[in-house]
Amino acid sequence: GAVVSQHPSWVICKSGTSVKIECRSLDFQATTMFWYRQFPKQSLMLMATSNEGSKATYEQGVEKDKFLINHASLTLSTLTVTSAHPEDSSFYICSASPVVNTEAFFGQGTRLTVV
Amino acid sequence: GENVEQHPSTLSVQEGDSAVIKCTYSDSASNYFPWYKQELGKRPQLIIDIRSNVGEKKDQRIAVTLNKTAKHFSLHITETQPEDSAVYFCAATYTGRRALTFGSGTRLQVQP
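Going down the list, the sequences are from chains Y and R. Every number in the numbering used here is 3 more than the matching position in the first sequence, counting from 1. Every number in the numbering used here is 273 more than the matching position in the second sequence, counting from 1.
Think of the hints as simulated: they come from the structure by calculation, not from any bench. The C-beta atom is built at its ideal place from N, Cα and C for all residues, glycine as well. Just to be clear, a hint being listed does not mean it is correct.
As the list claims (entries may be wrong) - Going by beta-carbon spacing under 10 Å, a handful of chain Y positions derived as facing chain R: (1) 4; (2) 7; (3) 41; (4) 49; (5) 96; (6) 106; (7) 110; (8) 112.
One chain only, chain Y, in its complex shape (with noise of 0.2 Å):
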């Protein structure tokens, strides 16, 4: 299958300090990739869908300006955590198809940790 890759995969950083995710296609083109935030025990709820070469789709709920998406190139989409507070911690985690509503690969995910 598809491969989607994620890094880092475990970061720790200080309140007020800002963290960049990186979310890689490795053997596809994604011009589409999907950002999940999942609480210990809980679902994947998406954040947002970030379009290459466009600006970002936020779902209801998401302060676009905390979590900020560019998708530069047709195999990468990042996501910086702005000003990071404690509750930010949680595993984040992006995933891409490369057919569209086929199958979604999804990245290792990303456990942030804020102190």
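Chain R: place on chain Y using the hints.
Leaving out everything else, chain R in the frame of chain Y:
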């Protein structure tokens, strides 16, 4: 928007028994329904999916059924094994939306 409900939240079965997980969806436009298995701390992996033009699909010990009229779909695992223990998520989407709406997840534990 789409809303997907999943039951039960936890399920414990004995090895060899069958397990059934059920989901309902709200948007009649949804036409693609995948099931993902997620082990602790790992990424979700697709185990089976079904499209709205079929009512049932089977892959070895795993099967999925879809009832479009009632807007529900179910995952059936037969002859469960300890390695089936994980969290299972159902999801739904439709052509043109691309993003998946996930159910709340079912923690399956298979007792040896």
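Consistency of the hints with the structure:
1. 4: holds (8 Å)
2. 7: holds (8 Å)
3. 41: holds (9 Å)
4. 49: holds (5 Å)
5. 96: holds (7 Å)
6. 106: Holds. Min distance 5 Å.
7. 110: Constraint on residue 110 of chain Y satisfied, holds at 6 Å.
8. 112: Given a least distance of 6 Å, the restraint on residue 112 of chain Y holds.
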